[in-house]
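J.: So the chains spell out like this:
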Amino acid sequence: MLARLPTWARWMLYAAAGVAVLTIVQGFDDTERLTAVTSSQAMLRWAVPIMLAGLGGLFSERAGVVNIGLEGMLILGTWFGAWGAINYGGWAGLATGMIGGALGGLVHAVATVTFGVDHIISGVAINVTAPGVTRFLSSEIFANYEGGSITQSPGTDGVGRFTFPLLAGGDLFGWESPDILGWFTRQDWFLVSDMTGLARGLVAQVSLATVLAFALVPLSAWVLWRTRFGLRLRICGEHPVGGESQGINIYLYKYYGVMISGGLAGLGGAFIASPELSGLYREGQTTGRGFIGLAALIFGNWRPSGTMAGALLFGYPFGIGLRDLDGSASHALLLVNTLALAAVTVWAVRRRRRFDAGLAAGLGLAAAVWYFMSSTVPNWWIDILPFVIVLLVLVFFSQRLRMPRADGLPYRRGES
Amino acid sequence: MALAIELNGITKRFPGVVANDDIDLSVAAGEIHAICGENGAGKSTLMKILYGMQAPDEGTIKINGEPVELHSPAEAIELGIGMVHQHFMLADQLTVLENVILGAEPMRSLGRIDLEAGRRHLDEVGRAYGLDINSDDLVEALEVGERQRVEIIKVLYRGARILILDEPTAVLVPQEVDELFRNVRELKAAGATILFIDHKLDEVLSIADTITVLRQGRTVGTVKPDDVTAGDLAEMMIGSELPVPDAGASTVTSEVALEVSELTVRDAERPVVDHVSLKVRRGEIVGIAGVEGNGQAEMVSAIMGTRTPDAGTLAMLGRDITGASVRERRQMGLGYVPQDRHREGLLLAGPLWENTALGHQTEAPYSRAGWLSRPGMRARAEHVQADFDVRTPSIDVSAHALSGGNQQKLIVGREMVTEPAVLIANHPTRGIDVGAQAAVWEDIRAARADGLATLLISADLDELIGLSDTIFVMLRGRLVARLDPGTVTPRDLGAYMTGAAVEAGTQ
Amino acid sequence: MNHTLARRVMLASAAPLAAVVIAVVLSSIVLLVSGSNPLAAYVDMVQHASKLETGVDIFNRATPLYLAGVAAAIGFRMNLFNIGVEGQYLLAFIVAAHVGALVALPSALHIAVILLTAMAVGGAFSGAAGVLKVTRGVNEVISTIMLNAVAISGLAAWWIVEWQAGGEIAATGGRVGTEPIDDSGLMPDINSWLEVFTREVGQGKRLTGMLVVAAVVGIAYHALLNRTVFGYDLRSSGANPSASHVGGVSPKRMVVAAMTLSGIVAGLVGMTELMETGYYPSNPITLLGFTGIAVALLGRNHPVGVAFAALIFAFLDISSGILQISGAAAREIVEIMKGVIILTAVIAYEVVRRVREREEATAAAEAMATAPAGAP
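So the protein sequences, as listed, match chains R, W and Y. Using my numbering, the letters of the first sequence correspond one by one to residues 1 to 416. Using my numbering, the letters of the second sequence correspond one by one to residues 1 to 507. Using my numbering, the letters of the third sequence correspond one by one to residues 1 to 376.
Treat the hints with care, as some may be off.
So, partial list: chain W residues that the calculated Cβ filter (under 10 Å) puts toward chain R [what the hints assert, rightly or not]:
1) Pro73
2) Gln93
3) Met107
4) Asp320
5) Gly370
6) Arg374
Honestly, the hints are just simulated from the structure, not real lab data. Where a beta carbon is used, it is the ideal one built from N, C-alpha and C, also for glycine.
Could you build all of it, start to finish, from the sequences and the hints given here?
T.: Here it is, written out as structure tokens:
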């Protein structure tokens, strides 16, 4: 029955179900943090860099190049983004961040495509190199700015905000449209108002950079599956020699893919350095989000919408953790974990995967015991929750994924 | 008659080898022109040059009378040349349509592909040449024959008038070959020029209008099929009669060396090996015929121990080995010649002396009590090199530097030198030159005389019939026929392999 | 034979040499552009490094880098990417510090207990990633990255609170961290070994005893890999798992073994600091694991090559300290140099590999041609 719904409707349904669970669960912990508007907004902001890194990974891996250097490109994006934003304003910062990341992508492309270096090795080398480059550049440039130092820049400028018309009462050509979601939220109906409140948080006063980032999801899907460019890029990840025999310049498209990859990661980095998240460049501020982006890509089965879902899922605990001073929301999340693991158990039982079922049930039980034995959880728990989710998702679903067939494999022109 | 293709003095050198040495070739428009030669004669290189995938070092190319220089397949396609590769160039996870239109996409605005137009054109091409295919299927769902049709459509879609078919029959059974030949004749009738690469002489004689023979990178001659016999062609190809596999007098004993009973292997519930039982006696060669993908690979994995069977038992020299590890089986004397020597046979980047020990590294003289013996490994490698005629500058070169035939001789040598009791020979002569092929046959024959029990899996039906003492046909995971190589013909075998003939004489 | 050997050595060293030269050239350009005198900077660095005390610092720095490099190299030899050295060594560090503080033993035994604890923790944590790979198909690159976060932000962050040293220590020494280990658990320095060859080491510098452990690890790594059947199994499984499998080597077992071994060595990385200070501080030396990966790449996973690579990185780190004082250039220039060295090295290795492959193919083809024509 679900399968007959259009994709967007199915996603909406999943989201609604998720919110319903969160709403009920948080009641036990006497917190509203899980579905608070601030939480959904924080989730959005934290998801953006992960998602952009993931989309970056998508273009690279669809072109057959594994890009573990995303973290390094993200770092380049933070530095160049901050530099551009400080000197030329918020939009310029996004652009320079993109260029910085794309330069990292170019290095990766030269190493892997032209010289045939192992993709992981090149990526590791870029991750080692990027912080060195930004450190040096900071010592030469930011250290001379007022309020800057070797490890951080002065504050950056951001871009404007935007409220969607009709949904959240934004202006439409000067006309102040009705605030439909706001109206529902004010009615204080159980569940419905919670959901609309959350939804309104996602469409009211959002940064244009966030809007841009989310617009890139359908755009990526369109480019990859509807255009000639996308088809030719994808053949590089599926069967490059076949593409070559049909007259496609595989090297060229691999370069495109890896550089777009770097550019998107760089955009993600610029977003981190923008006032939406940090408001400045600081050393070490990417905290492995490039890697989580890669995990979001894998979680999303190498598809844009799945990557976005993964980014939101992984961004959510980050967003919650930041504001959860008394630990009650983190505690409530434990129960969510329990329920999710219970769902996995049911799934595994129905597929007669006994080991999976046992594992999921055991982990779920552990989470449940922890939940009932404690009233708060230490804050390191929510810090590592996204990583734990990634691990669990991979543990249970790795074997069901379909990566591009030639992803990560070397390719040399004329050597078939 | 006008010439579609004219090659003059084509020379192509690779490190240490001259793949094409001053080759001339003239192909008339509208004919089926076969290029013959054994593995390594330079056929594929020549075709890659003609298709722009490799640039010749010397020589000129004329297409339809015009001199051209080809730097990429795109330029060849532009000139109406299309190539159907021996190894399919299809992306499994893309649809038939996406595979076909790639590189010649019908466009709409904004860089979008006009999928509808592509689908229409594809269907037209399919109808015009009697090639039926569903354009929205994923390629991974297609059978071998269908994939080949997609490859041909791919080329026709681009309006190619000159088609290069690189060993198109290699993956087909005789009945599918008939179907392919019908398609090829239709193409010719529609005015296409066809270059047909093959080394199966009977096929060449039946389909070609003209035959050019290559040997060691040179043109030996161009003949008409009516003027020559298969024997003449063989002499042109290799300078002598083609070697014929021949097992000689039976050496079968009554002592069972390998016994497979009710072996079953499942792949996601579906049995891919289905209650297979067979016995191989000392001094016997048991052949397994079958279209690839009918469970042979899984059966071999189960016998080798790399895959756990779901049911059934295995016994070697009277001992149950169903639960034994690969290493235990190897130490008991189970030898293996893999189907894909790059994947399962060699450490390509490792030196030959390390490769010689592979699979037997726990045994003397390669090691003692867990410590490797370099002198032992090197001495054994020298011994294999000399006794099995592995042509190499030294045992220190990496395995990838050797030709396919020499790599295969190394593998066969390293297995034989340990004097195994049972040998699993999985396509032992695939893709190697006739010299190496004859050597491998001779090695197996000699070991058989010494009491080796061999299970021979092969797609080369002549090889199966020539070497085996008994032949089983494997279809959909089951042994569906037991045949006497003394009386069976390749065509009979093909009928059993495709299920056209009903079961006969199985246990 | 000798001729080819000389050629091999030349080819093998050409790549890292080229990498260093390119790094020097590029960083000189960067320095010139930023208005510094590169020559003055290099002279300062080399002069500084030639001092005995600086040399001790360099070796103290190179020791953990070497261990991290060997840890990564063990994975690489199996075609496994253990990106988790970082998390493994920090986790092993804190647990070993805690266990070491709990027990009171004679010195040699005490040290052994601490080192073995660290190795066990590192091995178990890394082996877990191996188990996930072979049983659940989880790519080790992703899982070790995730486990890094779990180890550092999770377990270590938790335990440092749990195992916090008592109030009086925090008050007197101003040290925040785990309880200090008794002196019997600390490794003596080996200054006396060094002083056999040189003068007395001044400035209170102490050459770490872990250098000896690192040397032993290097030798053991070499012997295990190249002299034992197990090493052959490991290398063959890494080079071609399918071929190795039909040859009797279970690829799954090898993956778990390699990851565990890698983690065991990774566990020792933090011991250089622990054996010196006796406790796990709130700000331990980090990033050794990630740098170790670079060291392994530069050293081509060879026990001696990795040692050279570790020394080069340690030299850059330590000798650049002088630049802050002399002001000849920003010391951060060495970060660029490290990056350029590693990037150019991996590219140069690939180019050299291809040149060698082509030469071998040529030689083999010539052997074919000169052999008597016409097989039997």
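J.: If you test the structure against every hint from before, which numbers come out violated?
T.: 4, 5 and 6
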